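This is what each chain is made of:
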Amino acid sequence: MSNILSGIAYILFAPLVGGLLAGIDRKITAHMQRRKGPPLLQSFYDVFKLCSKQGISVNRVQDFYVGGFLLFVIISGIFFFTHGDILLVVFTLTLASVCLIVAAYSSNSPYSQLGAERELLQTMSYEPMLLMMSIGFYLTFGTFNLADIVSGPQIGILYMPGLFFGLCYILIIKFRKSPFDLSMSHEAHQELIKGIATEFSGRTLAMVEVAHWYENIFLLGFVYLYFVWSAPYSPLIGIAACAVVFVLEILIDNCCSRVKWQRVLTSSWLVSLVAGFVNLLVLMSLR
Amino acid sequence: MSYMKKSPWIIHYDGSSCNGCDIETLACLTPLYDAERFGVINTGNPKHADIFLVTGAVNAQNLPVVRQIYSQMPEPKAVVAIGICACSGGVFRECYNIMGGVDKAIPVDVYVPGCAARPEAIIDGIVQALDILEKKREALRSGKVEELESKDSLPPMPEKTKRKEATP
Ligand code: SF4
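Top line first, the protein sequences correspond to chains L and S.
Everything in the first sequence is counted per our numbering, starting at 1 for the first residue and increasing by one.
Everything in the second sequence is counted per our numbering, starting at 1 for the first residue and increasing by one.
Calculated directly from the structure, the hints in this document are not laboratory data.
These figures come from a predicted structure and were not determined experimentally.
Check each hint, because a few of them may be wrong.
Said to hold, decoys possible - Calculated cross-link-like contacts (lysine-lysine; reagent style DSBU-like; alpha-carbon spacing at most 35 Å):
#1 36/L <-> 5/S
#2 135/S <-> 6/S
#3 144/S <-> 36/L
#4 135/S <-> 27/L
#5 5/S <-> 144/S
#6 27/L <-> 6/S
#7 260/L <-> 135/S
#8 5/S <-> 151/S
#9 135/S <-> 5/S
#10 27/L <-> 260/L
#11 36/L <-> 260/L
#12 27/L <-> 5/S
#13 151/S <-> 6/S
#14 151/S <-> 135/S
As the list claims (entries may be wrong) - Label pairs and their computed distance ranges (CB to CB):
#15 33/L <-> 20/S: 22 to 30 Å
#16 13/L <-> 97/S: 15 to 23 Å
#17 267/L <-> 93/S: 51 to 59 Å
#18 147/S <-> 31/L: 39 to 47 Å
#19 37/S <-> 5/L: 35 to 43 Å
#20 118/S <-> 248/L: 52 to 60 Å
#21 97/S <-> 11/L: 56 to 64 Å
#22 2/S <-> 267/L: 41 to 49 Å
#23 5/L <-> 64/S: 55 to 63 Å
#24 138/S <-> 247/L: 39 to 47 Å
Idealized CB from N, CA, C, for every residue including glycine.
Build out the structure end to end from the sequences listed, making use of the hints.
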């Protein structure tokens, strides 16, 4: 019962918290650049405005695929917050990003096609790490079931520091932050205009934005997983860890310039291999 | 409650300007003026933009470009001509290749004069465009689409281009 409630809470509150986080992100970024920055609720204003714009879509299927993206992101979040199976969460998330890529491929615009190609590369870069993370949880807790993981006696971060580092690394890609914001960045101008989202406008763009808020919330949920165990005060530690990771990602975003795709792929695979795989080997030898 | 006025996304196109006005336009986005305070984002993508900022006059080469960018923008949209060149042609008005101000190519909503226009004036122009955007949104919502489209539709191609297409 409480699982269903937390699932419903996710559907209702994730966009609120996600939008607020996006506002906090922009505010912190502005202060790092010595600007005043937009109001905290700016991301909501943007989305509401997009909804009141005229709808132009380049073909009939585009909106369908973008809707699929939003839907699968929500579904994977529901699996996560109803304490389902961590593997299922990871696979549904992949399906969501595939929907977005297909939506971008469906138009002939070179910007959106290049954005889609880059998004594919980014998916290739972070996917091994997500899988290794799930395997790490299995090796530590003996189950893929999230309910057992959050109530387990072990503290995840003590067993899986390497995997945690790897997760933080690929979160830069997932949050679409510099230096890895190749396919779509939150900065206005880039060499691909708006990359994968170039051809989306009005409501469709609003859907992408809302899906991104949902996604951010449950990606932070992965961070949270590393810091909770059976102790009653551990959720506080988990939330604090999420906040630290979030601010760290903003800091990295503001300190780095965008790199080429080769660097994204090699560096994230290297991190997955060194930090993630070595961590897995150690876990296996502990068993 | 309308959010049109709270998140104006702009696209900036440089016609045949001397770059003076472009620098001033981009200066609005720097930390000193920080136009993002008002939710302004320089998108560079016509499909995401609400306000079209044009600097410099229109010539035979960029006339179709300006028209295309304009027609790719979804309603409600507004156009701000920045600098006296964009308003009327300015010092370049008599040049062999210049057709005149931006209003020769697309319907202009706000004219910001000055050579170069100051950032304060540009921000003021954008703020005035917000009111126009809001009116257009009302029109769009109340179903007066035809009226809106007739007001925002492209004027016919100026005669001068046809003659000039032969010149290199
Ligand atoms: S108005 Fe003046 S500064 Fe602006 S583009 Fe024209 S000549 Fe340059």
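Quick rundown of the hints versus the structure:
no., hint, result
1, 36/L <-> 5/S, "holds (19 Å)"
2, 135/S <-> 6/S, "holds (14 Å)"
3, 144/S <-> 36/L, "violated (38 Å)"
4, 135/S <-> 27/L, "holds (30 Å)"
5, 5/S <-> 144/S, "holds (20 Å)"
6, 27/L <-> 6/S, "holds (16 Å)"
7, 260/L <-> 135/S, "violated (44 Å)"
8, 5/S <-> 151/S, "holds (20 Å)"
9, 135/S <-> 5/S, "holds (10 Å)"
10, 27/L <-> 260/L, "holds (28 Å)"
11, 36/L <-> 260/L, "holds (31 Å)"
12, 27/L <-> 5/S, "holds (19 Å)"
13, 151/S <-> 6/S, "holds (24 Å)"
14, 151/S <-> 135/S, "holds (12 Å)"
15, 33/L <-> 20/S: 22 to 30 Å, "holds (25 Å)"
16, 13/L <-> 97/S: 15 to 23 Å, "violated (58 Å)"
17, 267/L <-> 93/S: 51 to 59 Å, "holds (54 Å)"
18, 147/S <-> 31/L: 39 to 47 Å, "holds (44 Å)"
19, 37/S <-> 5/L: 35 to 43 Å, "holds (40 Å)"
20, 118/S <-> 248/L: 52 to 60 Å, "violated (40 Å)"
21, 97/S <-> 11/L: 56 to 64 Å, "holds (58 Å)"
22, 2/S <-> 267/L: 41 to 49 Å, "holds (45 Å)"
23, 5/L <-> 64/S: 55 to 63 Å, "holds (58 Å)"
24, 138/S <-> 247/L: 39 to 47 Å, "holds (41 Å)"
Hint compliance for this structure: hints 3, 7, 16 and 20 are broken, all remaining hints hold.
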